[in-house]
Amino acid sequence: MAGSTPASPISNAAVASLPRQRSPGAEAWRRFRRHRLALAGTVVLAIIVFAVVLGPLLWPVAINEIDFAASLKGPSWRHPLGTDDLGQDLLARMLYGGRISLAVGIAAMLIAIVVGTLVGALAGMSRGPLDTVLMWITDLFLSLPQLPLLLLIIYLFRDSLKALVGVEASVFILVVGVIGGFRWMPVARLVRAQFLSLREKEFVEAARALGASPLRQVVRHILPNALGPVIVAGTIDVAAAIIAESTLSFLGLGFPPDVPTWGRILFDAKDHLDIAPHWALIPGTAIFLVVLSINYIGDGLRDALDPRKVM
Amino acid sequence: MSRYLLRRLLIAIPSLLGISIVLFTVLALAPGDPFEELATNPNVPAEVRMNLRAKFGLDDPVPVRYVRWLGAMAQGDWGFSFASRIDVDTLILQRLPVTLLVIGSSQLLALLIALPVGIYAATRPYSWFDQIANTLAFVGFSLPSFFTGILFILLFSITLDWLPFVYRADISATGWQWFWEHFKQTLMPVMVLGLFQGASYTRYVRSAVLDVIRLDYVTTARSKGLAERAVIIKHVVRTALIPVVTLVALQMPAIFGGAIVTEQIFRVPGIGSLLISAILANDTPVVMAVTFVLSCLVIFFNLVADLLYGWLDPRISYQ
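Quick note, the sequences are listed as chains D and U, same order. Note that the numbering used here gives residue 206 to position 205 of the first sequence, counting from 1, and the numbers run on in steps of one. Note that the numbering used here gives residue 202 to position 199 of the second sequence, counting from 1, and the numbers run on in steps of one.
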C-alpha cells in the first residue's frame, strides 16, 4: 500500500519511536493505549462484565418474583431500573440476562475462531484441490442469507434438542452453534491469506530445513504470527454474536420467556412502549453499549496488533 | 461484456446449487415428519400412513429426494401454505414487492449518506468533520436495527405523533393522499435500515478513497491542472468504488437479515415478516420457500455487483 495514507495517526507515531526495544506485548499495549476510545470501551465493558458477573450476588432479588402491585413502574429505590408488566425487578433480570448474552457472544466467537482457523490453516497449508474446495465452501457460506437460515435451523431442530438436553441448554447450544457456524468465514479467509504469505518466509523455511514437521511449522512458527488479525476479527465477532442472539430473542425465536436475555426483555417490552418506555430503553442501551465498546476495542486492537490494514 | 456476463452467470449456478444442497440437508436432517400428526391420530391406521409416505416419496433415498425437490423448486412448484390456504408462490409474489421497495429505498438512502460523507471525510482526514463522521458511523453500526426501530417509534410515533408505526396495506385514500400516507408509513422502516447500512458504507467509502487519493495517477491528474472536484469525482471515486462494491455485495445477506427485523417491528407485510409468521405457525413450505427466495436474491445481487465491476473497471471484463 505504498504512498497511501495510514489508517490512523497512531501507526505513524509507532514507527517514529521504534529504536527502543520493547516486548511485543508491551508494544501492543502502548499502541492500544493511544486509541482513547478503545480504552474507554475497555473500561465500559469491564464495568458491565463486572456488574453482570458479581451483580446477582450483590442484588439478590429473584428474577421471577411476580408483584402485580408494582407492575410497569419506572425506576425507584425499591426497583432501581423499574419493573416489567408482571412487576418483576428489571435490574435483577438485566444482570441475569447479561450473563447469558455475554456467554453466548464469547462461546459463539470461540466456535467461529476455532472453525475459521482450522479451515483457513488447512487451505493455506495444502494448496491444490483441497484449498480450492475449502475456499469454495467459504464463499458459499458467505453468500448464504444468515438470519433466515438461523431461523430455519432453530425452527426445525428446536423441539428434538429440547427433548434431549432440556429447554435452556438446548436453546443455548443451538444459538451458539448456529451463530458460530455462520461467522467463521472471514476468519478462515484471513488465516488463509496469512498462511499463504507466512509459509514462504525465511524463518519458516529455516524451520523446514531443520526438519520441523508440517504440524510443528504451523503450531510453533506460522500460527503465532497469524494470530493478530484473528484476535481482531474474534473481538468483532463477539459483538456480532451478541447482536445475532438479541435479534433471535427479539423475534421471539431465541430463549424462552423465563430466560430474560437482553433481546428477550426488549421483545417483551415493545408492546408497552407508550406507558413504560424505560422497560425497552434499558436492555436496548445495554446491548448498544456493549456492542459499541467491543467495536471500539476491536478498532484499538487493530491498531495494536495488526500493522496491515484489514477491512 | 456479454461474454463476461455469461461467465459470471455460469459461476452463479454452482453457488445456487450449493445453497440448495445446504437448504435440503438442513431439511433432511431435521427431525419431525410431515405425517407426525397422523401417527398420533388413533383414527388413522398405520398402513394408511405408510402408503401416504410411499406416495410422497419420503422413503426414497436422499439423493433421489433431493433431485425431485430441486426439480419442483425450479419449476415454481413450491407447495401449499397450510396457514394462509393459498399456493406458496402466489403468497411470496404478493409480499415480495414491499420488501424490495423497502430494501431498495434504504440502500438508496444509505448510499446518499455514505458517498458524500465518506468522500468528504477522506479528502480531509483527521479534520473535525472526519472525526465526527467517524464517531457517528461507529455509533450507527453499533446500534442494532431492532433497537433503532424502537427508538424511532418512541420518538416519532409516541412522543411527536408524526408517523404511524404500524404499516397498513389497505389505505383507502386516493391520489396524492394515498401516496403521502404510503410515504409516511414507509419512512421509518427505510430510515432504520438505511441509516444502519449508511454508517458502515461511510467507513468503507472513506477508507477506500483514502487508499486511492495518494496514488501517483491522482497526483498526475492534479498536476495536469484539473480542478480538485474533477480529480475527486472522475479519477478517485471511480477507482475507490471497486472495493466498496465488493463490500456492499458481501453485506447483502446482512441487509436481508436487517429487513426481516425491520419488517417485523413495523409490521410491514413483506417476505421477512412472512417468514417469521410462517415459523411461528409451523408452516414449513413457506419457511423453505422464503429462505430459498432470499438466497436467490443474494446471488442475484452478487451478479449485479459483478456487472458493476465490469463497468467501473473495464479491465476486469477482459481478463
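Read the hints as simulated data drawn from the structure, not as lab findings. Some hints here could point you the wrong way.
[Stated by the list, open to error] Straight-line alpha carbon distances no greater than 25 Å define the calculated SDA-like cross-link-like pairs of lysine to any residue that follow:
{"#": "1", "chain 1": "D", "residue 1": "K202", "chain 2": "U", "residue 2": "E184"}
{"#": "2", "chain 1": "D", "residue 1": "K271", "chain 2": "D", "residue 2": "G253"}
{"#": "3", "chain 1": "U", "residue 1": "K187", "chain 2": "U", "residue 2": "L158"}
{"#": "4", "chain 1": "U", "residue 1": "K187", "chain 2": "U", "residue 2": "L166"}
{"#": "5", "chain 1": "D", "residue 1": "K271", "chain 2": "U", "residue 2": "P128"}
{"#": "6", "chain 1": "D", "residue 1": "K163", "chain 2": "U", "residue 2": "L30"}
{"#": "7", "chain 1": "D", "residue 1": "K271", "chain 2": "U", "residue 2": "L166"}
{"#": "8", "chain 1": "D", "residue 1": "K271", "chain 2": "U", "residue 2": "V25"}
{"#": "9", "chain 1": "D", "residue 1": "K271", "chain 2": "U", "residue 2": "L198"}
{"#": "10", "chain 1": "D", "residue 1": "K202", "chain 2": "U", "residue 2": "L283"}
{"#": "11", "chain 1": "D", "residue 1": "K202", "chain 2": "U", "residue 2": "S160"}
{"#": "12", "chain 1": "D", "residue 1": "K271", "chain 2": "D", "residue 2": "L111"}
{"#": "13", "chain 1": "U", "residue 1": "K227", "chain 2": "U", "residue 2": "P64"}
{"#": "14", "chain 1": "D", "residue 1": "K271", "chain 2": "U", "residue 2": "G143"}
{"#": "15", "chain 1": "U", "residue 1": "K187", "chain 2": "U", "residue 2": "I258"}
{"#": "16", "chain 1": "D", "residue 1": "K271", "chain 2": "U", "residue 2": "L30"}
{"#": "17", "chain 1": "D", "residue 1": "K163", "chain 2": "U", "residue 2": "L198"}
{"#": "18", "chain 1": "U", "residue 1": "K187", "chain 2": "U", "residue 2": "S175"}
{"#": "19", "chain 1": "D", "residue 1": "K163", "chain 2": "D", "residue 2": "L211"}
{"#": "20", "chain 1": "U", "residue 1": "K187", "chain 2": "U", "residue 2": "T162"}
{"#": "21", "chain 1": "U", "residue 1": "K187", "chain 2": "D", "residue 2": "D272"}
{"#": "22", "chain 1": "D", "residue 1": "K271", "chain 2": "U", "residue 2": "K227"}
{"#": "23", "chain 1": "D", "residue 1": "K163", "chain 2": "D", "residue 2": "E201"}
{"#": "24", "chain 1": "D", "residue 1": "K271", "chain 2": "U", "residue 2": "F27"}
{"#": "25", "chain 1": "D", "residue 1": "K163", "chain 2": "U", "residue 2": "L311"}
{"#": "26", "chain 1": "D", "residue 1": "K163", "chain 2": "U", "residue 2": "R206"}
{"#": "27", "chain 1": "U", "residue 1": "K187", "chain 2": "U", "residue 2": "A172"}
{"#": "28", "chain 1": "D", "residue 1": "K271", "chain 2": "U", "residue 2": "L158"}
{"#": "29", "chain 1": "U", "residue 1": "K187", "chain 2": "D", "residue 2": "K163"}
{"#": "30", "chain 1": "U", "residue 1": "K187", "chain 2": "D", "residue 2": "A63"}
| query | CA of D/K271 to CA of U/L166, is that 25 Å or under? | reply | Between D/K271 and U/L166 the Cα gap is close to 17 Å, so the pair holds against 25 Å.
| said: Does U/E184 sit within 25 Å of D/K202, going by the straight-line distance between their CA atoms? | reply: violated (64 Å)
| task | Sort out whether U/G143 lies within 25 Å of D/K271, counting only the CA atoms. | result | holds (21 Å)
| message | Given the hinted pair D/K271 and U/K227, is their Cα-Cα distance within 25 Å? | response | Not OK: D/K271 and U/K227 at ~59 Å, beyond 25 Å, violated.
| task | Mind checking the alpha carbons of U/K187 and U/S175 for me, to see if they're no more than 25 Å apart? | result | Given pair U/K187, U/S175 holds - Cα atoms ~15 Å apart, limit 25 Å.
| query | Hey, U/K187 versus D/K163, does the alpha-carbon distance stay inside 25 Å? | reply | violated (43 Å)
| field | Satisfaction of hint between D/A63 and U/K187, Cα-Cα up to 25 Å | value | Violated, because 43 Å separates the two Cα atoms, which is more than 25 Å.
| query | U/K187 and U/A172: Cα distance at most 25 Å? | reply | holds (13 Å)
| Regarding the pair D/K271 and U/V25, is the alpha-carbon distance no greater than 25 Å? | violated (34 Å)
| Distance restraint between D/K163 and U/R206, which requires alpha-carbon spacing of 25 Å or less | Violated, because 42 Å separates the two Cα atoms, which is more than 25 Å.
| 25 Å limit on alpha-carbon distance, applied to hinted pair D/K163 and D/L211 | Outside the cut-off at roughly 53 Å; violated.
| Within a Cα-Cα threshold of 25 Å, do D/K271 and U/P128 meet the stated pairing? | This hinted pair is violated, its Cα atoms lying about 40 Å apart.
Comparing the model with each earlier hint shows violations of hints 1, 5, 8, 10, 11, 12, 13, 16, 17, 19, 22, 23, 24, 25, 26, 29 and 30; every other hint is respected.
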